[in-house]
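Asks: Here's the letter readout for the chains.
Number of protein chains: 2
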Amino acid sequence: MLLNDISDLIERLKKRGARRIALQFPEGLKRRSAEIVASLKDAGFEVMVSGDPCYGACDLALETLRSADVLVHFGHAPVDEQPGVIFEPWDVAFDIGVLENALPFIRRTTVGLVTTVQHVNMIPAMITFLQSRGITCNVAEGSQRTPFRGQVLGCSFAAARASGADEILFVGTGLFHPTGIAIATGARVIALDPLAGTAQEVRGDTLMRRRFAVIEKARGARTVGIIVSTKSGQQRKELARHLAGLSKDAVIVIMREVNPGELLNLGFACYVNTACPRLAYDDQVRFPVPVLSPQEFEILCGTRTWEDYAIDEIV
Amino acid sequence: MLLNDISDLIERLKKRGARRIALQFPEGLKRRSAEIVASLKDAGFEVMVSGDPCYGACDLALETLRSADVLVHFGHAPVDEQPGVIFEPWDVAFDIGVLENALPFIRRTTVGLVTTVQHVNMIPAMITFLQSRGITCNVAEGSQRTPFRGQVLGCSFAAARASGADEILFVGTGLFHPTGIAIATGARVIALDPLAGTAQEVRGDTLMRRRFAVIEKARGARTVGIIVSTKSGQQRKELARHLAGLSKDAVIVIMREVNPGELLNLGFACYVNTACPRLAYDDQVRFPVPVLSPQEFEILCGTRTWEDYAIDEIV
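Residue numbers (our numbering), protein chains in the order written: chain A, 1 to 315; chain B, 1 to 315.
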């Protein structure tokens, strides 16, 4: 698959008249960089590689464009328009028969179908397979952060919401996306890991109980750092300014990689995360102090009720 | 000490007409941020803090200037001119009598005296003390990266070289600076840690033996990443381009934080470091593969002889 993609890519780069090419890979694909560098060098390009951590199209190595004509970002679809960037999603196919494992969990004859970018190419086959088992799929357009029909991100469940279904099948790895979908939509959510073959119903209440505990732990914090990311698709300055205005103890903290060591060094008693929403939900166990979502900080400050709890999405 | 400094700082910020202030602290001072934020807020400023790791004035959080009128960088003297940045070195005093501990190691009646930025304020007292013991100090101007007379950095030993002395007294913490001075100058070097009170002669040959071993280990590497930093005072693009031209297996890798995890993920068999020189020398034990200095890569490629080994400095 890869080598076909590369010849396509080379054509496109040549058409653009690009000569100096910067490449960016997410962590799981970084090891392929030497091989792709070699192919592009053989094709006559001057090549460089971004070596910083990368977890999404929200995290573009735009600084490479100071030295390169084009940045090729592998593995993700765009979350926003960026001149000079070519996106090369990385399709991961699976045996369609694995959907069989999800069937015992499905109760409705119509489900919303959502997946992550590496499997969107499988959506037509999934629709056909499920149709053959009497199940109709609603595959909806999401937000501008999710350009493919049926695509969700850890920070955008719009395609799930827009499916209008009260039962949603998420096909992908991990439990973060389906948990977020459950909280964001209120629907019953079935998660199928198409590589492991495991299926399960996923509910939002465990995460929500844990989050309420974190909010309570943050009560009484005398210093609050409102984290603003410098990453291209994670900068929510307006939101951060609004949150900083909720408490006299809050100050804006500007950072690139939100990691436990830096939060410890900075020494604030509590943080509010306006960068990648997953950081607060997924990484709390690694953080030295409570790291709240924007909505959770509003609850702490009394400007939002517990009943209005919402999962954080970037719109 | 701090509170005086802060009132000075507030005056200067007011004179500039600055309203929105970004603060940046090196790791060891980050914990003071909440306290300094509070003082500046009380004085009427809008304040934000850079949360990224910071190890020197080469590593300025210039991106904060998109939201702030001024960046106040604590703990270091400037390595280059940067509009919009105020540098606030952080003086660390010590009991001058500690110099007594260095005397048994000093053989000459004239020594070159060098120190790091947090102790440059002690230089006049050190000169007086040593003079009273019959020792004359040469305290020389360094490079533009070291604006104080007698100041050295881990990437600039110019003040030691310019002292012209064949015996040099380094007053400061750690063995990296005196080791670098020994290699850079060929002088006999005495290191005094003014806080621990320990003194010793420091030689360059152990580091050089280790480095030759690393060069040998890099022989036969089929893929070479030439690391270029995106940090303001560590970008050596021309040098990187020169090094990339020495081997067909080399490709430029652009990164902010050079850390072992990312080097492992990228999967190159060997790296050449043009970012902070200390990374290659100090952190080799943490890196998964050889990380060479520019001069070491030239030796590997045969364009420099082992006899011309030089320690890497940023000029």
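Careful: at least some of the hints might be erroneous.
For identical chains, the list gives no copy identity; a pair is met inside one copy or between any two copies.
[As the list claims (entries may be wrong)] As a list, the in silico SDA-like pairs of lysine to any residue whose alpha-carbon atoms are at most 25 Å apart:
1. K248 <-> I6
2. K217 <-> T128
3. K237 <-> P53
4. K237 <-> E63
5. K237 <-> D95
6. K217 <-> K248
7. K14 <-> A213
8. K41 <-> T109
9. K237 <-> P83
10. K14 <-> F94
11. K217 <-> D95
12. K15 <-> T230
13. K237 <-> L62
14. K237 <-> E35
15. K237 <-> T206
16. K15 <-> L40
17. K217 <-> E35
18. K14 <-> I127
19. K217 <-> T110
20. K248 <-> N101
21. K41 <-> I96
22. K217 <-> E81
23. K237 <-> L13
Honestly, the hints are just simulated from the structure, not real lab data.
Asks: Could you run down the list of hints and mark each one as holding or not?
Replies: Going down the list of hints, with the structure as the test:
no., hint, in the structure
1, K248 <-> I6, "between (53 Å within a copy, 20 Å between copies)"
2, K217 <-> T128, "neither (48 Å within a copy, 55 Å between copies)"
3, K237 <-> P53, "both (22 Å within a copy, 21 Å between copies)"
4, K237 <-> E63, "both (20 Å within a copy, 13 Å between copies)"
5, K237 <-> D95, "neither (43 Å within a copy, 47 Å between copies)"
6, K217 <-> K248, "within (19 Å within a copy, 56 Å between copies)"
7, K14 <-> A213, "neither (55 Å within a copy, 43 Å between copies)"
8, K41 <-> T109, "neither (52 Å within a copy, 59 Å between copies)"
9, K237 <-> P83, "both (22 Å within a copy, 23 Å between copies)"
10, K14 <-> F94, "neither (32 Å within a copy, 63 Å between copies)"
11, K217 <-> D95, "neither (45 Å within a copy, 44 Å between copies)"
12, K15 <-> T230, "neither (32 Å within a copy, 29 Å between copies)"
13, K237 <-> L62, "both (19 Å within a copy, 16 Å between copies)"
14, K237 <-> E35, "between (39 Å within a copy, 23 Å between copies)"
15, K237 <-> T206, "neither (30 Å within a copy, 50 Å between copies)"
16, K15 <-> L40, "within (14 Å within a copy, 54 Å between copies)"
17, K217 <-> E35, "between (48 Å within a copy, 22 Å between copies)"
18, K14 <-> I127, "neither (37 Å within a copy, 64 Å between copies)"
19, K217 <-> T110, "neither (41 Å within a copy, 61 Å between copies)"
20, K248 <-> N101, "neither (52 Å within a copy, 50 Å between copies)"
21, K41 <-> I96, "neither (37 Å within a copy, 59 Å between copies)"
22, K217 <-> E81, "neither (39 Å within a copy, 44 Å between copies)"
23, K237 <-> L13, "between (34 Å within a copy, 23 Å between copies)"
Figure legend: structure checked against the earlier numbered hints; hints not met, in rising order: 2, 5, 7, 8, 10, 11, 12, 15, 18, 19, 20, 21, 22.
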